[in-house]
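Engineer: Here are the chains, one letter per residue:
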Amino acid sequence: MNTLQKLGISSLLICVLVGGLWLSKGMHLATPEQIEEVTVSTDDFGDEVKKSEWIKNPDPLDIGLDLAGPVIGLFGALGVALFWKGRQ
Amino acid sequence: MRTYRTPIASLLSISFITLMMSLLASMSFAAPSSTSIKGQARFLSTAPLEKIVGTAAVMGDFKIDFDKPSEVSGTFKVPVASMKTGNDKRDEHLRGSQWLNADKCANIEFAVTGGKVEKFTPTNDKGISTIKLVVEGKMTINCVSQPMSAKVTVKRKGKMIKVGSKFEIKLADFKVQGKEGIVGKKVGESIQVSINLTGKGVS
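If you read the protein sequences in the order shown, they are chains A and B.
Quick note: the first sequence, position 43, residue 43 per my numbering, numbers continuous.
Quick note: the second sequence, position 177, residue 265 per my numbering, numbers continuous.
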């Protein structure tokens, strides 16, 4: 196996890893840049009240298809191209 | 010595008494003034490919007389710019011309025109009275107005008021078409909305 083929396989591996990460994080279409933080309190009427606030998503690996898609596409194409070139 | 009142003085005193009586009467049976209320709306879109949760600020004026709750009135406004879904790009799309068209239609509005009482719970030991009613009114989204009704719970405690509701909005009813192929797949055809508002100063 030559260098180009190794690079090609590495690219495909990145592709699979990013895809796996996207699958494991809930397969969001759009990257959740902020997440909803719900605060539960009791109001003056004695009812439980939920108030939502948006905070920056602390998980940088929580990616959506908007990020994962291009990365998978790019590395997938690159991997195939490099592997193909390495075989010649 | 006998005093005589001029006709003008008599007229003035009668006018004064009438004025005072009408003032007193208006104080006793005054219609409630509208209360400024505000809070938060939470909306949920469920589609086969994606579930989107969002929030928005809600503000408005609300008028309800607990003796005549069917004469409820008010206006609620949701600035489209305040709607958040946790992704800036998606929020930008939401405000775009294919969706809620925020440039032309800056607010989502619901004007309450009346209501039907479903249940009235008189003041309990905590001083809270509750009315469950179906309010009717006109909803305006994307500059398209449609008659709409929603189940609403109104609670009053002293001068405080609380309004809560859950309802569903069909995007097609308001000509919110979105980008082709998105509604029904990535965005639900109907959006579930829940609101929770409070205000002070109920007369």
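Worth flagging that the hints you see were computed from the coordinates, not collected in a lab.
We put the beta carbon where it would ideally sit given N, CA and C, even for glycine.
Honestly, I wouldn't trust all of these hints.
Stated by the list, open to error - Result set (SDA-like, lysine to any residue): computed pairs, CA atoms no more than 20 Å apart in a straight line: (1) A:K50 x B:G127; (2) B:K274 x A:I35; (3) B:K139 x A:F83; (4) B:K274 x A:D47; (5) B:K239 x A:G26; (6) A:K51 x B:K151; (7) B:K207 x A:D47; (8) B:K274 x A:G26; (9) B:K247 x B:K288; (10) B:K177 x A:S41; (11) A:K51 x B:T241; (12) A:K50 x B:S253; (13) B:K288 x A:F45; (14) B:K151 x B:E197; (15) A:K51 x B:F255; (16) B:K139 x A:F45.
To be verified - Covered stretches of chain A, going by a simulated chain B footprint (3 or more residues, C-beta under 8 Å): (17) 13 to 19; (18) 26 to 36; (19) 72 to 83.
Engineer: Against the 20 Å threshold, does the CA-CA distance of B:K139 and A:F83 hold or violate the hint?
Structural biologist: Given that 20 Å is the threshold and the Cα spacing comes to 38 Å, the pair is violated.
Engineer: What's the verdict on B:K151 and B:E197, does the C-alpha distance respect the 20 Å limit or exceed it?
Structural biologist: Distance ~16 Å between B:K151 and B:E197 Cα, so the pair holds.
Engineer: Can the restraint linking B:K274 and A:I35 be considered satisfied, given a maximum Cα separation of 20 Å?
Structural biologist: Holds - the C-alpha atoms of A:I35 and B:K274 are around 19 Å apart, at most 20 Å.
Engineer: Given the proposed pairing of A:K51 with B:T241, does the C-alpha separation stay at or below 20 Å?
Structural biologist: 18 Å, holds
Engineer: Given the hint that A:K51 pairs with B:K151, test it: the Cα-Cα distance must not exceed 20 Å.
Structural biologist: Roughly 24 Å separates the two Cα atoms, so the pair is violated.
Engineer: Starting from B:K239, check that the Cα of A:G26 is at most 20 Å away, please.
Structural biologist: 34 Å, violated
Engineer: With a cut-off of 20 Å on the C-alpha distance, tell me whether B:K139 and A:F45 pass.
Structural biologist: 32 Å, violated
Engineer: CA of B:K247 to CA of B:K288, is that 20 Å or under?
Structural biologist: Distance of about 6 Å is within 20 Å: holds.
Engineer: Is it true that the CA of B:K274 sits at most 20 Å from the CA of A:G26?
Structural biologist: 14 Å, holds
Engineer: For the pair supplied as a hint, B:K177 and A:S41, is the alpha-carbon distance within the 20 Å limit?
Structural biologist: 31 Å, violated
Engineer: Tell me if chain B covers the region 13 to 19 of chain A under the three-residue, 8 Å CB rule, please?
Structural biologist: Check failed, 0 qualifying residues.
Engineer: Are B:K207 and A:D47 close enough, with their CA atoms no more than 20 Å apart?
Structural biologist: Judged against 20 Å, a Cα distance of about 18 Å means the pair holds.
Going down the numbered hints, you'll see the structure goes against 3, 4, 5, 6, 10, 16, 17 and 19, while the others check out.
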